[in-house]
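Generate the whole structure from the sequences, applying the supplied hints.
Number of protein chains: 2
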Amino acid sequence: MPPVPLSALKAPPSPRETMQRERDQSRGTFDLERMCYAMGDGEYNVKLKRRFMFELERDPLFKLSDIHDLTKDEIRERTMAKFASMAHYVTNESIPIFQQRMNLISTADPAFWTRFGVHYGLALGAVRSGGTSNQVSYWISKGMLGLQGMVGCFAMTEIKGGSNVAGLETTATFDDKTDEFIIHTPSVGATKWWIGGAAHSATHAVVFAQLIIKDMVYGVKNFMVPLRNPKTYQLLPGITIGDIGKKMGRDGIDNGWIQFTNVRIPRAYMLMKHTQVTRNGEVREPPLAQLTYGALLQGRTAMVADAASTAKKALTIAIRYAAVRRAFKVGDNEVETQLLDYPIHQRRLLPLLAQAVAMGFTSFRMSALFEHMTEQLESLDASSDAQETAEVLEKLKETHATSAGLKAFCTWNALETIEKCRASLGGHGYSAYSNLPSMYNDQAVQCTWEGDNTILTLQSGRSLVSSYGDALKGTKLPGGTSYLNGLPSILTTSCPSNSATLELDTLQAGWDCVSANVVKQAYEKFDEALKSGKAKGREEALEACSQERFVAAKVHTAGYLFRMFREALVELAKDEPADNGVIPTLESICRLYGCWAIEENAQHFLKYRFFSPAQMDIITAEVTRLCAELRKCAVLLTDSFDMSDHIINSPLGCYDGDIYERYFARVKEANPHQPVAPYFERVIRPLIEREPLSIDDADDIEIDDEIAEIEEERREDEEEKKGAETKEKAAKELEKPADE
Amino acid sequence: MPPVPLSALKAPPSPRETMQRERDQSRGTFDLERMCYAMGDGEYNVKLKRRFMFELERDPLFKLSDIHDLTKDEIRERTMAKFASMAHYVTNESIPIFQQRMNLISTADPAFWTRFGVHYGLALGAVRSGGTSNQVSYWISKGMLGLQGMVGCFAMTEIKGGSNVAGLETTATFDDKTDEFIIHTPSVGATKWWIGGAAHSATHAVVFAQLIIKDMVYGVKNFMVPLRNPKTYQLLPGITIGDIGKKMGRDGIDNGWIQFTNVRIPRAYMLMKHTQVTRNGEVREPPLAQLTYGALLQGRTAMVADAASTAKKALTIAIRYAAVRRAFKVGDNEVETQLLDYPIHQRRLLPLLAQAVAMGFTSFRMSALFEHMTEQLESLDASSDAQETAEVLEKLKETHATSAGLKAFCTWNALETIEKCRASLGGHGYSAYSNLPSMYNDQAVQCTWEGDNTILTLQSGRSLVSSYGDALKGTKLPGGTSYLNGLPSILTTSCPSNSATLELDTLQAGWDCVSANVVKQAYEKFDEALKSGKAKGREEALEACSQERFVAAKVHTAGYLFRMFREALVELAKDEPADNGVIPTLESICRLYGCWAIEENAQHFLKYRFFSPAQMDIITAEVTRLCAELRKCAVLLTDSFDMSDHIINSPLGCYDGDIYERYFARVKEANPHQPVAPYFERVIRPLIEREPLSIDDADDIEIDDEIAEIEEERREDEEEKKGAETKEKAAKELEKPADE
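So the protein sequences, as listed, match chains A and B.
Going by UniProt numbering, the first residue of the first sequence is number 1, and it counts up by one from there.
Going by UniProt numbering, the first residue of the second sequence is number 1, and it counts up by one from there.
One copy or two, either will do: identical chains are not told apart, so a pair holds if it fits within one copy or between any two.
Computed cross-link-like contacts, BS3-like style, restricted to lysine-lysine with a CA-CA straight-line distance of at most 25 Å:
(1) 10 - 536
(2) 531 - 329
(3) 329 - 397
(4) 536 - 632
(5) 473 - 534
Read the hints as simulated data drawn from the structure, not as lab findings.
Written out as structure tokens, the structure is:
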């Protein structure tokens, strides 16, 4: 290209100015404060969240800017310090308020939240749900709530097994002479593994072990087992504990392994709300095992909510960065173009924003539903009549299946969103200080614990298959699977006309039709395997259709998110002023989610002929159009997610857009200047100042010979080997750029 | 469930026994040694690789088992020590042999390989490709090859820009009085960023800067700039350098930032093979800028090869783990079922294995093609005639476009494969000692450097669009896009019959048809934007079809991998004995890749009606069937990838299958026993022994008031807020399991 005069080069507006323009241009698209309330489940919750963000930002324990450079020991020490500081709030704040505090912390500081959740959620939770009322008050009196003299952990998983709880191998053998249980780890495979808090900080463990009485095995029960002297933290006799060490993420939590060697505990340390063991070793089983599902459902809703917040956090960083980052000039731009102005970049981020918003609204609606479920479950007891029980359990089945699919796909969605946001920052997404790498590493485990996502997906698919069978028998299905009540006509519906393609009702009808068809596909594969005798029994038949079950759960869940989003919009529209832009903007987001998710699942919409190829092109064009429309208010939408710079903890996603100065400052702060490398004298000087090895060095001669042989072999090979390396080529190869 | 007698419980075979059975059962499926040669690009390369693995395993510098617990400084020091040890080989081994050594190391030890590649590939490579022959010998005489007195780095990227090289802001202003260039960093945004080796270990940098002479800007050129005194490593005047600090991965390399403040270098330090600046400041431009593409192509092929090896490494871990890991009992199994026996688990791993093999064969064929290209390019010079030049450049266009798509999708495929393998290990995939987390973190950057994958994909799509235009004009297209020579009939071909669905020729025809259609879609969107005037000029028209270009490149590349795999099979079949099972097994793998990739892109095969919905079901059934077939020899296939336990560096993927003992031993070795936490006295004891805060503590009263207010707000909200939290619900919420 021809040279240009220096004077002709035009500087773009500063990142700060660019960000200001973004907000100025979009102001008026919607009422930001009202949008915050909509996105944050109402004014009350938003204000509470803001109060907590304000408190966290001032709390020196919750400094986040330096976490990427802390050692494992340092981050664990800080985690325990935060843990201690929470004892004040948990004992002084009302439970719903404290819960809100923890929900915010789970987005801001996942590793700490985990350490806390292990004690309060898992250990105390297990005592509450598994202990008799006497046992609950006993352990609370021992300091389990106030963290005085007692810190708990939850010892379920073993090195050889986690998902299959029934297969755990740790034993709890009743000794009726001494009225004690003997807790024992029979093999390395039975070593308790991943136990959060065990490595350093827990005094007691809730242990899952096989109950054995008089050589009979009664299955896995829970036992409270003291691990350490609460004064000295010395391990108690028969307890062997080690540190699990470095993990992909969440290093703030001291995961450990535990081996028990004939450890004796009093009979009363078995949690006996359900199964009970009497003094003389009789076992009384619970009337309704299902009762324990309650907490599970709540846990899953919480994870959907967390997935939504985490995705919003990542998108806040990526969208703000894309608003101020410039690269290349397009058309007659005088200055480089903002990334956010590139259609492909809008395509990379805005559908994910729509999905995050859909997950958020879904979590709000699900928590109400699950709360209702849980209350009904609580109200059940041995005295409840069969009819009542049956109804609750029927509803439980659907809720349970839906929640399994939601947990799986929402945690996967959040993980994928973080990765795509990270990659959208280009090289800077590879810097720890962008915060996206550690967000990814922290999120990854959400897809495994609380039920491995693939297993949960298949559970959801299993339940869809049986719901389909029920629907064929004419059972009226509740909630999320009610579209199956439209069988068989629902299977053959299709988009009425090209002009109707984009109506929300059409999209909904499409999801119902396609969901019904993929569930049918799984059911028929199952049924065929069963009837043909290819499969021995239901279990094998279910295995035969596992791929189809997976697809069914995937499509069902995507459609479910769309339906929840729409229902939430209807609710919101009731109180929301028509003229403040909130509802219209959310409708565009809802339509974007619906169309994009259809595009992602296009094969099914085409295969079952709900949409024609031409109509699929209309959907694709609409996704592109909506991305361009929402791009205009994209920064304002990140503002409506209402996350402080402190919580986001990424200079590349800062509110004011001054990304390069803040990023540069963060890097310098975290990496103080060193005149020379700490290893200069040890490694660099000897290299740089060494004498060249002379060619008649004996070692060299030997190596040369070796090479000669192999070179020989190579020459022999060459006739038959087309395209074998030549020195010329290899010289080029050696020049292959590996980049910085 | 009813209790069972202890005696009735049956123990499964040990992991070691299970692994042995796997090999016993599959022995005879194919000749393992011959399969190794096929997978490893021939006997010669496989034997060389084995020799290097053997050497690495014994070299204490290449200990890998402890890398996960090293600090950033420790891993950097070790990296430099390895770097120094390579000086011997690079100066004594023939280049092709040394190159093979580095290819293995790039799979075994990516962070070290990067440090090495930055000096030899980028810095020395830039001198070789950008310097005159005098300049090349000058810098080699200064010790650039032997690492005596000189270590190089490559200073291209700036904090504000990487992809758009033309937009870089560092200046090189010619001072004709002193015959020097003044290298200067005008702003924070122009700070050189991510520069590998700059933080601590480089003495010189090849700097990309805007050439400015007499207030005219001549674009970005390369300049050799001394950074440090090679004796003391003190920074030279005007050089400011800092450490970029913590990254997502590859922490072994000391990436740094550099600011130049009026740094003067002799005119001769500008690399002048292409653009030349005379003593009096005249500029002579090169005849053919394209010449510099050569190394780029080689770099991309190398990355495809590395993506294949990295994916094979991850799959070796995941498949061996799945072979010995057991969970749940299916059907009438007496013991828990191996994960690898679950159809869904086969579906998770075996298609990725087929894809990795496809990428491997593709890289072998591409390197031959690129070598040929490069030689032709080398042979061009100012004296070449226009006709000859035009032909080479035409071929270059196609090769360049194809290589861009391959680099993007193969590095993405490898990243996704690592993540899916990691997740398939369940919780253990979250342990650093599984090695998969750091493999993921190391691989991620491959998708960004050497050209951001999204940008490369669009480049590939751009070239496909113009190829389509050429094809319409009747130009005969070479190589990868030759299917476009079949226009227009190719667009409307379809699978002749259900029975023909699975023939390799049918799959090939399908890829050709669908590739042509998606390219057509992009071309027409482009053409429409241009003709309708919606877009001002080609650039804007290309932006208007960027999503379609992305899809076109995606489908084109998947089809290209399938074609390369098939062509490689034909070649192999020539020398391979018919009866040793190698070719039939590879054909099954090739068919699996073809069918699975079709399933992944099903929407296009349905949309363009190459396959009917019924035929898509045949494809899906075949994927499931092939997964079950290849499951039988899955472990043997990992053996054919021929990677030592040392290279794999994951006790969970060890050859002998004794995963739990080795994993437990690794964790204990890496985390020596500590009686109490190092932070026990500082943090834990004060918590556990503290006095409870009494309720009349002033602080508490104040906080109680605050809470009272908010509780008040809440009560007011409740009428209008449906499903607001009740204590009962919140109590449940608090019990939400956070898991270990």
